[in-house]
Every structure is written in C-alpha cells, then in structure tokens.
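Trainee: This is what each chain is made of:
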Amino acid sequence: MTALLHVKNMTHFFGGLRAVHNYNLNIAPRQIFGLIGPNGAGKTTIFNLITGVYTPTEGEILLENKNIKGLETNAIAAMGLGRTFQNLALWRHMNVVDHIRMAHYSQLDYGLMGAFFNSRACRDQENQVRENAHRLMELFDIEKFADDLVTSLPYGAQRRVEMARAMATKPKVLFLDEPTAGMTPDELVKMIRIIRQVHQDFNVAIFLIEHRMKFVMELCESIQTLVFGEVIAQGPPEEIQNNPQVIEAYLGKEDMT
Amino acid sequence: MGILQKFKQMFSTVPMLGWFLGILAAVLIEYFWGYDYISYYLGLPKIPVLFGALIMLKEPVMIPGALAYDLIVYVIPVLAVAKLSSFITNPGAALLEKLPLWLSAVIHLVCFYAILHLWAGINDYRVLVVKLTLVSIILTVSVNVINGYQGEFSCSHPGFMALGAYVSSILTLVLFTNDKIFGTALLPPALGPYLFPLVLVAGGAAAAIGSLAVAIPSFRTRGDYLAIISLAFMFIVKSAVENLNIIGGARGMGGQPDLAPLPVIFFWTMLCIWVIHNFVTSILGKALNTVRDDEAAAESMTVKTRKTKMTAFMFGAFWAGVAGGLFAHVLTYINPGMFSINRLAEILAMVYFGGLNSIVGSIVGAVSINVLGEALRPLELFKWIIIPLILIFVMIFRPYGLISFTEINAKKLLEAKHKRQQGVSP
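Protein chains in written order, with numbering that gives the first Met the number 0: chain A, 0 to 256; chain B, 0 to 425.
Just so you know, these hints were derived from the structure itself, not from any lab. The reader is advised that the hints may include incorrect statements.
Straight-line C-alpha distance at most 30 Å; calculated DSBU-like pairs for lysine-lysine [said to hold, decoys possible]:
#	chain 1	residue 1	chain 2	residue 2
1	A	68	B	306
2	A	171	B	306
3	B	410	A	143
4	A	143	A	189
To give an idea of the interface, some chain A residues facing chain B are shown, with a C-beta separation under 7 Å as derived from the structure [as the list claims (entries may be wrong)]:
#	residue
5	72
6	73
7	76
8	77
9	82
10	88
11	90
12	91
13	100
14	101
15	102
16	104
17	105
18	117
C-beta: ideal position from N, C-alpha, C; glycine also.
Given these sequences and hints, build the entire structure.
Mentor: Listed below in structure tokens is the structure:
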C-alpha cells in the first residue's frame, strides 16, 4: 500500500516545550483517518505542522512522495492539502461566492497584467471559476446564500462554506479540524452525510480531528489517539474504543483501593 | 420623508443619459446667459464659481441671490430637462445597451467629459479645482487599495506621491525644457505631450520601488506598527528631498512644462479607475481582502500572501506616483512641504469619509472633501473645524465611510430606465 501522505518521526519543540514527539502517520488514498485525544494533546499542532504553519524541528513529511516539509503553507495547499479550521476562519467582509472563488487562486495563471487589463485569459478563467464555484455551492447546499456575507449565515452553513472552500482548492487530502464543534445533533447527522458525500464524489482522503466519539466511530477506518504529543494507540475504531490506555487518558485511572 | 420618496420615484425613470442632458442644459444656460443676464439681475458681482459657496460665505447679503442663481441655473434646468427628455433619452440608452458594455461606457464618458470641459471652461479657477479633484480621485482610489482592500493602515502615501512627482518632474525638466540646473532640453519640447505618459509611468514605477520599503516590513507586522513604519517612510522621503540641493531642496522645484491639461488628467483618472476596478474584482485582487480578514485562512486556501501584500503596496504606490506626476505638472511647481503630514491628513480624510473597500466611495470622498475644502475656503481657520466635524459624524453613523464595500456596476448605471409595464396606469 503506497501512502498518499506519509509523516515519519516528526518532533516539534515550542521553545523548551516538546509539543509533538516521534509522530508517524500513513494515510492511504481514499482513507478516512481520525485523530482523537484530550484537550491540549497537540492535535491541532499536528495539523499545523503538516500544513506548514509551523516547520517541524525534526522529521519528514511526504505528500505523494514529494517532500513538503519547510514549504510555505500556500505551496503545500496548492499541492493538494486542503483544510478547515477549528474556530471557523472565514473572511468576514466577503460573501459566500467570493469565498469559493478565492480558493481557486492557485489554479489561475493569467498573471497580474491580465487582472489589471481584464485580458481574455482572465475573463475566461474567471468565468470557469464562477461556474465551478456554483457547482460546489449547490453540492454543499449553500447556493441560496451565494451573495450573503458569511457572518450573516447560520452556524451550520458557515461550516459548509468552509468545507466547500477547502474542496475548491482541489485537495488530495482534506484536513478537518473538529468539523462538528458546536453543532446540534441534527447538524451533526447532516455533517456526517456531507463528509461521506465529499469522500465519494471527490475521491479524497480525509484526516480529521474530532471529540465526538459517535462521529469518529461512524466515519473513520482507522484512528490514532494522541496524549501529550505522543500516539498511545492506533487501530480500527472498535479496538480503540476498548483500549484501556485510551479510556484512561479520557476518563482518568480508576482508583483501585 | 414622503415627499422625498415621491421625488425619488419621479426621477427613477431618468437614465444616466438624461441626467447628462439636464446638466448640459444647465451648463449651456450658464455659458450663454450666466454673466450677462442672470447674475447681473440677481445683483451678483460675477458668476458664482462653486455654486456660490464662496460668495455666500464672504458676503452673507448675497445669500438669497446666490441661492436663486443656483436654483435658476442648476436645479430647475437639470431636473426639468432630465425629466422631460426621458422620452428621448430612454430609447437612446436602450440603443446604447445593445452595444458592448465597454463601448457604451466610453461613449458615456466622452459625453461626460465634454460637459465637464464646458462647465470648467467658464472659469479658470474651476479648471484648477477640477484638475486637483481628479488628481485626488487617483490618490484616494490608490490609498483605498492599501488601506481599504488590503486593510493596512499605511501613512506613506504622500511619500509615494513625492517620489512620483519628483521623478517625473526631473524627467520632463531634463528632456523637454531649458532649465537652469539641468541644462538645455535633450529632446524637442514638441515631443513632450507624446512622451508624457512614459514619464508618468516612470514616476509611478519609482514610487512602486520605493514602496518596497514599507511592503517588506508588512510581512511581519501589521496595524499600529506598520502605520509607524510607513509614517517614518513619509518623513524620510520628505527630508531626503529637502536635503538634496540639486533638485531644489526645501525651496522646491519649478518650471515644469504644462503637460497636464484637463483631458490628459481626465484620461489618466478614468484609466486608473478602470484598472483598479478590474484588479479588485478579480480573484488576484480579492486576495487582498482575504489577507485583511484572515491571513492564516488565506494561506491555507493557496493564496500567496506575501506576493499579495507586495502587489497591493506596489500597485497602490504606482498610482500615487502617477498622481504625484500629474499634480506636479498641474501646479508646475513642487516643494517637499506639499508632501507632508497635511497632505496625509487630507488623503486619509478622503478615503475614510468616502468609504473603505469601494471605488465609488473613494470617488465620492475625493470629490466631496475637495469641493468642500474649496467652498469653505473663506472661513479660513474654521474650515478645519467644520471638515473634521463632518468626518466625526460620518464615523459615528457609518464606521466604514459613506459608501463602503460597494463596487461599480457599469451595466446597471447606464441602463435605460423604462417604466414598469404593470401597475402604472395613466
């Protein structure tokens, strides 16, 4: 099995603090992979390390056998690593369709002069992007909000905008940072359906951080548990669910007196 | 409120072409009868230059006369002709709608320019005010790229303007004039008007290169700190020029050939608006907004944030340089004092008054602050109490400026305004 995303012995220090230690990851094409762990375990840090927000102190990161460690975030994103954020990171003064359009940035090549003088290449590419944006919005059921500012949307719709935006970058691996944070049970079910659909339609691998066990157990093929920057267990959902170490990390040790 | 709404409805059937015709009628009335009859019988000493504001403030006795003049020459003819001619202008606008949008826009602009030229031509002072206002529009729109679309608080615009003004002045002085310092003209002065665009572009390019001094720090810092860096840049440019004796030092530099008549400035202003409009509505330009609103998200969505910041600064500075070049050739004299903190205050007032993230807003801001500044001139010191007060009120009621986050929709602006088919029965 060739790995799409391969992380080998990644370690990262924030000053003297060891945030991530000896982290390994292999995500196969089309796999849905979960990362769980208690608060402060370093889950989001791992996302940030792989997506290039921080450069890891040690280790290797390969995307389709190409080294992406040390590249700029935008270059890594353009190579096929899309993501959403834990606390929505939408652009507050922009409307929905512009969000989706913007995510096509790396797929344009008309250049600055083309943009200044509205060249034919510019018009053609922009029209194509617009069409694509509308297709994506339909898929994520946000078409009706197209011209609204994102800040005026209901929470669930904002999440979907973020997801649609990430898909517009044409990712090979999609990183979802707590996609159901703050959602009602109804919205949660809808989200599961959307993620399934994205997985099928776009042929992507998905790497997600999540707290809700129901969600993780239902979606993921394989799960890692992270505690204090170290992976303590890895395997299919049922195995993780019954792993005593995982239970201990989440619930604490039972006092045997 | 009811009256206002009725009024609005009454004139909602007038297309842009109709307004042009109305204004043309007003200008023609002023041109032919303004001095000989109307202002004479109203007891005014001469044609009120800026709608009588100057006369009214200087001599309050003249207020009724000046107001009557405005009513007779401007208000009534514009409204009447615009409304009554709508049966011709609407089919006319509909005809133009069949043309490609750009052609229709160019035709409208030519008409608009013709009227403006006629109006301004009645008085030399008006020509100067219109020229400076157009230069201000370029400046304001270009500041909006950095302070509005890109959301930095950059204070370096007078510096960019100075770079453009000085570089283009030096070029025209060296090339086209026999100057005391720079010697005889290298090229025949007759070539001046043809090479002037290149000179302006060179000035703009100089400003763009200068802007790197602010753009590169902006990779690492934002907000107040960048404001201080950019402010420092402005003062560095100013004192550098003051200490360079070869270009006149603090005494300034004069004798530029008059290469910037009204049509040239109008052309550059429209070009600037067109190019900046294209840019900010394209995805590459929208990238500025993403950097402003959330840089981390922008990076993750493949936006090259560093390139974007650099583009914003260099692009904004380029147009500031062009504006500086035009400014120098309008006044045919510049000195470093012109590009100092006063100019900065004026530019920022125009941008924040008009509206952030909007070209229309910038145009409105530049025109209103300029015209207001000229109209309130007789108040002298009080002018600087009234204008800031207006600014404060705008900031209270519309924190992003009068018209913010709105783009020009040329199609909608120029379309024919037909009466609605249903519902309206005679």
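Trainee: For which of the previously enumerated hints does the structure constitute a violation, in increasing order of number?
Mentor: none
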